[in-house]
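Protein chains in written order, with the working numbering: chain V, 183 to 298; chain F, 437 to 616.
To be clear, the hints were calculated from the coordinates, so they are not data collected in a lab. Misleading hints may appear alongside valid ones.
[To be verified] Over the 10 Å line for every Cβ pair with chain V, so calculated as not near, a few chain F residues: (1) Phe459; (2) Arg480; (3) Ser485; (4) Ser503; (5) Ala523; (6) Leu612.
[Stated by the list, open to error] Straight-line Cα separation of at most 20 Å, DMTMM-like style, residue types lysine to aspartate or glutamate; simulated pairs: (7) Lys445/F <-> Asp284/V; (8) Lys187/V <-> Asp591/F; (9) Lys494/F <-> Asp477/F; (10) Lys494/F <-> Glu216/V; (11) Lys465/F <-> Asp441/F; (12) Lys453/F <-> Glu216/V.
[Claimed, not checked] Interface residues of chain F toward chain V, partial, derived using beta-carbon atoms under 10 Å: (13) Ser451; (14) Ser463; (15) Lys465; (16) Gly468; (17) Ala470; (18) Ala481; (19) Ile493; (20) Pro497; (21) Phe518; (22) Arg522; (23) Arg525; (24) Met577; (25) Leu581; (26) Tyr583; (27) Ala587; (28) Ile592.
Just so it is clear, CB atoms sit at the ideal spot from N, CA and C, and this is done for glycine as well.
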Amino acid sequence: MSDWKKITEERPSADHRARVMMEAAELLKQNKAENPSRRWIWLDLGLLVGGFASLALVMRVFNQAPDEGAAPGLADASNEELSVALADPEMLEDSDLLAELDLLEELEVLEQWDET
Amino acid sequence: MISDDELMKEVAGGSQKAFAQLFDRHSGKVLGYAMRLLGGDQIRAEDISQMAWMKVIKAAPSYKGSSSFVAWAYTIVRNTAFNELRAKRRRQEETLTEAVAESVTVASIETVISETADVSALKKRIDELPEMQRAVLVAYMTEELSYDEIASQLDISVSSVKSLLFRARQNLATALKEEA
Numbered sequence: 183m184s185d186w187k188k189i190t191e192e193r194p195s196a197d198h199r200a201r202v203m204m205e206a207a208e209l210l211k212q213n214k215a216e217n218p219s220r221r222w223i224w225l226d227l228g229l230l231v232g233g234f235a236s237l238a239l240v241m242r243v244f245n246q247a248p249d250e251g252a253a254p255g256l257a258d259a260s261n262e263e264l265s266v267a268l269a270d271p272e273m274l275e276d277s278d279l280l281a282e283l284d285l286l287e288e289l290e291v292l293e294q295w296d297e298t
Numbered sequence: 437m438i439s440d441d442e443l444m445k446e447v448a449g450g451s452q453k454a455f456a457q458l459f460d461r462h463s464g465k466v467l468g469y470a471m472r473l474l475g476g477d478q479i480r481a482e483d484i485s486q487m488a489w490m491k492v493i494k495a496a497p498s499y500k501g502s503s504s505f506v507a508w509a510y511t512i513v514r515n516t517a518f519n520e521l522r523a524k525r526r527r528q529e530e531t532l533t534e535a536v537a538e539s540v541t542v543a544s545i546e547t548v549i550s551e552t553a554d555v556s557a558l559k560k561r562i563d564e565l566p567e568m569q570r571a572v573l574v575a576y577m578t579e580e581l582s583y584d585e586i587a588s589q590l591d592i593s594v595s596s597v598k599s600l601l602f603r604a605r606q607n608l609a610t611a612l613k614e615e616a
């Protein structure tokens, strides 16, 4: 068969190449439209997932921002404000506030334990 | 180097760069095969080659890569060229002698070829063979098709295939001996 390989080989002309490439361009466009490559599919999926993740992050940040008129976080509160807050039964019903108070108490206990 | 199968996957996705790479790698073989089948007629061979390359692009999404790309491309070229020959033969109503030539073997033709150092002279002699003899001989030698396969593709009987092969070998051997 090796001799036949030599026999069945010719150098194509530049014209032939140009004509093939020109006609090929149209068909390749069709292939691209009908069969997008996996690389593009993965890129599209990646962009979609990334978009959703960014959206979720933005929503979370907005949800965490304090509303106007709502009770301020305890971390920013002064001692006076804290005592007012503790005396206010409505504020004590706020579960987030109670959780933060518990945390603060725990921290104070730990600090006192450290000092001793 | 990126494999033919990988390039075909990219062609299936519409990559022009991959197609150009595949074309530059194999266009010589594809065109040469078409030229031998069509008796050295470069214009017809280029047309067949162009049609074959378009079929390659269209078939790329379903290409499985089970055989070598070149063998697969040869099949496309041969089918396209045989369609042309069949149509031409029907027009001409060419009659074939149904002489059975059991003595035709690949080895006997290979011997003739191996004794011929000048490849271009051999190409010329093959191109000068009558159309059907040349088509049968080239398909038989290049792709190692069976008599049955060639017969069904050219729409002729198996005994005609054997006869055409026998006469092709005889004519080729005579021409080469005269040249020597």
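Assess, step by step, whether the Cα of Lys465/F is no farther than 20 Å from the Cα of Asp441/F, and give holds or violated.
17 Å, holds
Measuring from the C-beta of Arg525/F to each C-beta in chain V, is the shortest one below 10 Å?
22 Å, violated
Holds or violated: the hint that Ala587/F contacts chain V, with Cβ atoms closer than 10 Å.
21 Å, violated
Cut-off 10 Å, beta-carbon criterion: hint that Arg522/F touches chain V:
21 Å, violated
With the threshold set at 20 Å, check whether the alpha-carbon distance from Lys187/V to Asp591/F stays at or below it.
27 Å, violated
Interface hint outcome for Tyr583/F [beta carbon to chain V under 10 Å]:
18 Å, violated
Taking 10 Å as the cut and beta carbons as the points, is Ala523/F off the interface with chain V?
22 Å, holds
Given Ile592/F as an interface hint, is its Cβ closer than 10 Å to any Cβ of chain V?
22 Å, violated
Per-residue hint verdict: Ile493/F, partner chain V, C-beta under 10 Å:
4 Å, holds
10 Å Cβ clearance of Ser485/F from chain V:
It is violated; Ser485/F is separated from chain V by about 7 Å at its closest Cβ, not greater than 10 Å.
Is the nearest Cβ of chain V still more than 10 Å from the Cβ of Phe459/F?
6 Å, violated
Are the Cα positions of Lys445/F and Asp284/V separated by 20 Å at most?
Violated: Lys445/F and Asp284/V sit about 62 Å apart, past 20 Å.
Of the hints listed earlier, those the structure fails to meet are numbers 1, 3, 7, 8, 9, 21, 22, 23, 25, 26, 27 and 28, in rising order.
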